[in-house]
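Going by the working numbering, the first residue of the sequence shown is number 35, and it counts up by one from there.
Read the hints as simulated data drawn from the structure, not as lab findings.
Treat the hints with caution; some may be incorrect.
Said to hold, decoys possible - Have a look at the derived ranges for each label pair, beta carbon to beta carbon:
hint, residue 1, residue 2, range
1, 269, 42, 54 to 64 angstroms
2, 47, 114, 14 to 24 angstroms
3, 50, 76, 20 to 30 angstroms
We put the beta carbon where it would ideally sit given N, CA and C, even for glycine.
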Amino acid sequence: TDAARTLRLGSSTVDILKSTWMPYLNAYQPISWQSLWIDARNFTLDAGTSVINLRGRRSDLYFEGPGTLAFNEVVLRAPMGSSRLVKWTDQNGFDSAPTVSFVRLDLFHRTELKGSFSFDELELHPGQQYRFESGETFAIGNLIAISDCQGSIDLAATFSGSPAMFSSTGTITTDFTSLSGISAGGGGTFTANNVIDLGENTGWTINARPTNSFFWIGDTGNWNDPMHWSATSGGAASGCV
Numbered sequence: 035t036d037a038a039r040t041l042r043l044g045s046s047t048v049d050i051l052k053s054t055w056m057p058y059l060n061a062y063q064p065i066s067w068q069s070l071w072i073d074a075r076n077f078t079l080d081a082g083t084s085v086i087n088l089r090g091r092r093s094d095l096y097f098e099g100p101g102t103l104a105f106n107e108v109v110l111r112a113p114m115g116s117s118r119l120v121k122w123t124d125q126n127g128f129d130s131a132p133t134v135s136f137v138r139l140d141l142f143h144r145t146e147l148k149g150s151f152s153f154d155e156l157e158l159h160p161g162q163q164y165r166f167e168s169g170e171t172f173a174i175g176n177l178i179a180i181s182d183c184q185g186s187i188d189l190a191a192t193f194s195g196s197p198a199m200f201s202s203t204g205t206i207t208t209d210f211t212s213l214s215g216i217s218a219g220g221g222g223t224f225t226a227n228n229v230i231d232l233g234e235n236t237g238w239t240i241n242a243r244p245t246n247s248f249f250w251i252g253d254t255g256n257w258n259d260p261m262h263w264s265a266t267s268g269g270a271a272s273g274c275v
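Full structure from sequences and hints, please.
This is the structure in structure tokens:
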């Protein structure tokens, strides 16, 4: 719409319960309805200290149109799922996408970020995969990406041979992650501890995970169950995978 609009959230908590809706197989048109879709044209977002919780397992956020969208805190709450944050320029003939920033973005499940975004704080969670669009820059004040030996946090660019850029002026430290195609810059210090280096990562101090021998224990079970792995043959569970 061309009409001027303002949304003032103040100190509110907004809960969006449903997932992105996809039509039935072989539907006449492949239309999906996103959990949150904002047209930034002539729109003012006064986020205040609000928190927006998206609770669906597939919570796609689409941002289109020229303008600025500055969110306070946004959380993708479902412990498992697959979602996307997309800056879109071609839906209604716009030649530019909005500038989108978050004071805090917390992503509990697998997420793809398409387009450049800015975060004062970005939190990622163990055992999940995160994809950052190749060729785009992601400005990060503080990155929380701390896992353990039970499962790494997987960070990668969307296309091999074309890295995504993390930009920060501060100190960024990750633990037990895997990195693929994530370049670092902006004058900050980037350190990846206990990392699985899958290549095309520049600007990082890479401290690789130590090579360990593990032994299967406890008869049958799931490969990703730490109770089935021991540091010694027939020994106690190590708590690692």
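Here is what the structure says about each hint:
no. : hint                         : in the structure
1   : 269 / 42: 54 to 64 angstroms : holds (60 angstroms)
2   : 47 / 114: 14 to 24 angstroms : holds (23 angstroms)
3   : 50 / 76: 20 to 30 angstroms  : holds (23 angstroms)
Going through the hint list in order, the structure satisfies each hint without exception.
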